[in-house]
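*Asks:* One letter stands for each residue in the lines below.
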Amino acid sequence: MEYEPVIGLEVHAQLLTDSKAFCSCTTRFGNEPNTNTCPICQGMPGVLPVLNRKALEFTVKMALACNCTINETSRFARKNYYYPDLPKNYQISQYELPVAEHGWLDLETNGEIRRIGITRIHMEEDAGKLIHDENRPFSHVDLNRTGVPLVEIVSEPEMRTPEQAADYLRALRSILVYLEVCDGNMQEGSFRCDANVSIRPKGTTALGVKAEVKNMNSFRNVQRALHHEIERQIETLKEGGRIVQETRLFDPSTGTTAPMRSKEQAHDYRYFPDPDLLPLRVEPELVERMRSQLPELPAEKKERFIQLGIPAYDAGVLTASRALADFFERTVELFPNPKAVSNWMMTEFMRELKGEEADISCCPVSPSQLANLLKSVEDGTISGKIAKTVFEEMFRTGKEPEEIIREKGLVQVSDTDELTAACREVLDANAGEVAKYLSGKTKIFGFFVGQVMKKTKGKANPGLVNSIMEEELKKRS
Amino acid sequence: MPELHDMTASELARVLISGETTSVEITRSLLARIDKLEESIHAYVTVAPESALDMAAEADRMIAAGKAAPLTGIPIAIKDNMCIKDRKTSCGSRILGNFKPPYDATVVRRLKDAGMVILGSANMDEFAMGSSTETSYWGPTRNPWNTEMIPGGSSGGSAAAVAAKEAVVSLGSDTGGSIRLPAAFCGVTGIKPTYGAVSRFGLVAYASSLDQIGPIARDVKDIALLLNLLCGHDPRDSTSVPREYPDFTSVLEKSVKGMTLGLPTEFFSKLDNEDVSRTVADARKTFEDLGIKFVDLSLPHLDYGIAAYYIIAPSEASSNLARYDGVKYGHRAEEYSGIIDMYCNTRAEGFGPEVKRRIMLGTYALSSGYYDAYYVKAAKVRTLITNDFKKAFESCDAIFCPTAPSPAFRIEEKIDDPMQMYLTDVFTIPVNMAGLPGMAIPGGFSRDGLPIGLQLIAPHFKEEVLVQLSAAFQRETDYHLKTPAL
Chain A
1 MEYEPVIGLE VHAQLLTDSK AFCSCTTRFG NEPNTNTCPI CQGMPGVLPV LNRKALEFTV
61 KMALACNCTI NETSRFARKN YYYPDLPKNY QISQYELPVA EHGWLDLETN GEIRRIGITR
121 IHMEEDAGKL IHDENRPFSH VDLNRTGVPL VEIVSEPEMR TPEQAADYLR ALRSILVYLE
181 VCDGNMQEGS FRCDANVSIR PKGTTALGVK AEVKNMNSFR NVQRALHHEI ERQIETLKEG
241 GRIVQETRLF DPSTGTTAPM RSKEQAHDYR YFPDPDLLPL RVEPELVERM RSQLPELPAE
301 KKERFIQLGI PAYDAGVLTA SRALADFFER TVELFPNPKA VSNWMMTEFM RELKGEEADI
361 SCCPVSPSQL ANLLKSVEDG TISGKIAKTV FEEMFRTGKE PEEIIREKGL VQVSDTDELT
421 AACREVLDAN AGEVAKYLSG KTKIFGFFVG QVMKKTKGKA NPGLVNSIME EELKKRS
Chain B
1 MPELHDMTAS ELARVLISGE TTSVEITRSL LARIDKLEES IHAYVTVAPE SALDMAAEAD
61 RMIAAGKAAP LTGIPIAIKD NMCIKDRKTS CGSRILGNFK PPYDATVVRR LKDAGMVILG
121 SANMDEFAMG SSTETSYWGP TRNPWNTEMI PGGSSGGSAA AVAAKEAVVS LGSDTGGSIR
181 LPAAFCGVTG IKPTYGAVSR FGLVAYASSL DQIGPIARDV KDIALLLNLL CGHDPRDSTS
241 VPREYPDFTS VLEKSVKGMT LGLPTEFFSK LDNEDVSRTV ADARKTFEDL GIKFVDLSLP
301 HLDYGIAAYY IIAPSEASSN LARYDGVKYG HRAEEYSGII DMYCNTRAEG FGPEVKRRIM
361 LGTYALSSGY YDAYYVKAAK VRTLITNDFK KAFESCDAIF CPTAPSPAFR IEEKIDDPMQ
421 MYLTDVFTIP VNMAGLPGMA IPGGFSRDGL PIGLQLIAPH FKEEVLVQLS AAFQRETDYH
481 LKTPAL
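Heads up: the protein sequence lines correspond to chains A and B, in order. Using the numbering used here, read the first sequence as starting at 1 and increasing by one per residue. Using the numbering used here, read the second sequence as starting at 1 and increasing by one per residue.
I should point out that these hints are in silico values taken from the structure, not numbers from a laboratory. Beta carbons are placed, not taken as given, at the ideal position from N, Cα and C, and that holds for glycine. Misleading hints may appear alongside valid ones.
[Claimed, not checked] Reference excerpt, derived from the structure (chain A facing chain B, CB under 8 Å, subset only):
#: 1; residue: 48
#: 2; residue: 87
#: 3; residue: 89
#: 4; residue: 276
#: 5; residue: 297
Take the sequences, apply the hints, and build the full model.
*Replies:* And the structure:
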């Protein structure tokens, strides 16, 4: 029997607010443990939560970008469970009435557009962190992250392959980053995902028993974990076994999932409306204000770039991050040849950026500098080849291209007399090769050109060299 | 001049401003009174003489500098569930027995800013769960009128302190009657303001949707002064209502002629105590003499009030009290192996039987599979009760009834019978369920000489109606002037 995987994803994204969801503590990452805390996020007796309006605004933005219906009234609920990183022993979340529901996302996957339903988007607070002492039987509690606002985005079980799941996550993360509501960092945990996975005989519609898979901290691991889990479920059924509803933990070192807790051990979270927070009203004015603030989203931007003549693949890469897309557009403003800018960014630029962890904010080259470099190529001041050397130097030093060209004497030699002399010298020095060429081995033409480039330290105008060399060889036939 | 501890806040404020006495002298008088009576009453969990005298000295400086507010220099007792910075706030529980909050509750901040003198923390039922102040980890408080009797609860310490003149005024909190019941049993005046009128920030939560802080005093004039201080929006409490409040002292002398009081038949059909019935009848006469009309009315869902309360309050409590786990503050068991064991031992040792009972009730009611049958249904009942009151107020300015079905009962009389204990709050609980303001005023005495309280209930944010009616009643009667022989 052939099986079809059914995948739904729950994403938690940390919102980039300055202060926490229900108190005024800073959300800054990396401070000394327990310094970003106050009686409220420490869960002291008698404290009360007050909602950070910014967190609501960010959530509404995300919900709009995911085509959700915003509920005019929603409710915060308490999710009750005991854990030392949760000072109140309940998490303020949303349950019966989330901020937003019924959205969707179109994603390009495996060359086709697939629409994935978004079940709901809601707000909640993050928990703290436990640090386990390796030498003594103690654990330490760090509450700096406690109360940092999260948005939870729950998809419909509408993905059929691990690759679709990864594409969905990429699309979601890209939107979050575009909206500047989340930094999307999976390693640091500001963008986390759990997956619900089941399988069913191909062609059927009923859902199988699902397993929830946790602990996947990169796109690659999401795919690995899902591949393994799907295989495991298929194998289990093929061997006559049964899938049980359970939570499983992915182990990146082995690439496998293992049971964490069974359905019987599952928590009863005893959700109920949080009496400390009034029903949350999202006024239509707020929704409209957020809608008017929505930037052009990755899918629209990609489409627009394609209209500019950029290949679809390149447009996808350039719009994967808003900063990269902005860089491209600012460069095109100064050097209105989108294709050339795109080519350059897809090659040299990406190569250099990779070494810098692909973070464009660390890029020492500005759009105007790149535009100037491209102008220098266009007007023939330097060759395309030299431009690559200049760009490496720009990236390394942050200097202006003109300065580097001048300092290193890289201006292209287009003087016909000079180049003719150089060509003659090369031909004189390689009489044997000239004879071969003239006897029909025209393939070695490139060798002569190469010698001229070497002689001129690459500065010779390649087009001119080609035509002069041809002329000179003709003269010797 | 009478003895300083005999005087009310408004009387003391007058002699403070005129310079006839000082806050330090008043505070000393109260501290001496506490010294003398605490052994027999036990109204306080903590008395803080040194800081009280420091605050009194500061108040005297404020008065001398002409910066006195109406209650500057007046000593007050605070229920042990309101956070006072760096001072033990135990909520009557062993689990917070060593807890010193790093911050002031909003109400405490307001008292401090007004130059009031905090004498100490008043005893209470553990986590405000009780009607007798017997569930306190620190032992029961005794009724100043008869020390064999309970003072009512859960704010028993706050009411007893005022009745015994161990405090001029006090703060209590009321979740199902916890201000009004002890006020009635101790023969003093107390009000539970509208839910949302007084900030709950810094009030150790029992049932968040029902808890409300309010004042207890010897007469309604002092209540008005304290309401002026306490009511007001607090941005740190999302359930605090942003609105303007009147000067509650402005209605103290206002005529009540032509006003209408409603008599809920469901309340009166429950009355089987002769003393209470007689007191209510006498009070009705007094009000009628003041020109007030009475109308019978019906609150049909009242009978479900206690049942619904004992779903909603424990449900919220089970979640509110989850934080007392020994991880961060408060009591932690010494013996344990592993985190679950630490939780269990800490909570087993730290909580008393009534708190455990309510945590279990609430945990059960919120459990998957039971939530709809219990919590959701109780919430619906709550809405019905609220609507009953709304409808009732179409035909009257306020509702009139007794505060409790009987006068104070004996210590240990009901402690092993939770159902009987819960029924003590039958007249007060519906008021919390609807979030309404309710005032308890002394209405007379039983044949055994125990105080009997009357209750007035007004529409949301109509505290001034309660002040106006109570002030009129106290102009005509002297029950509030009677004091126990101690």
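*Asks:* Now tell me if each hint is right for this structure.
*Replies:* Going down the list of hints, with the structure as the test:
1. 48: 5 Å, holds
2. 87: With Cβ-Cβ at 6 Å, under 8 Å, it holds.
3. 89: Residue 89/A check passes; min Cβ-Cβ to chain B is 4 Å, inside 8 Å.
4. 276: 5 Å, holds
5. 297: Since chain B brings no Cβ nearer than about 33 Å to residue 297/A, farther than 8 Å, the hint is violated.
Taken one by one, the earlier hints fail for this structure only at number 5.
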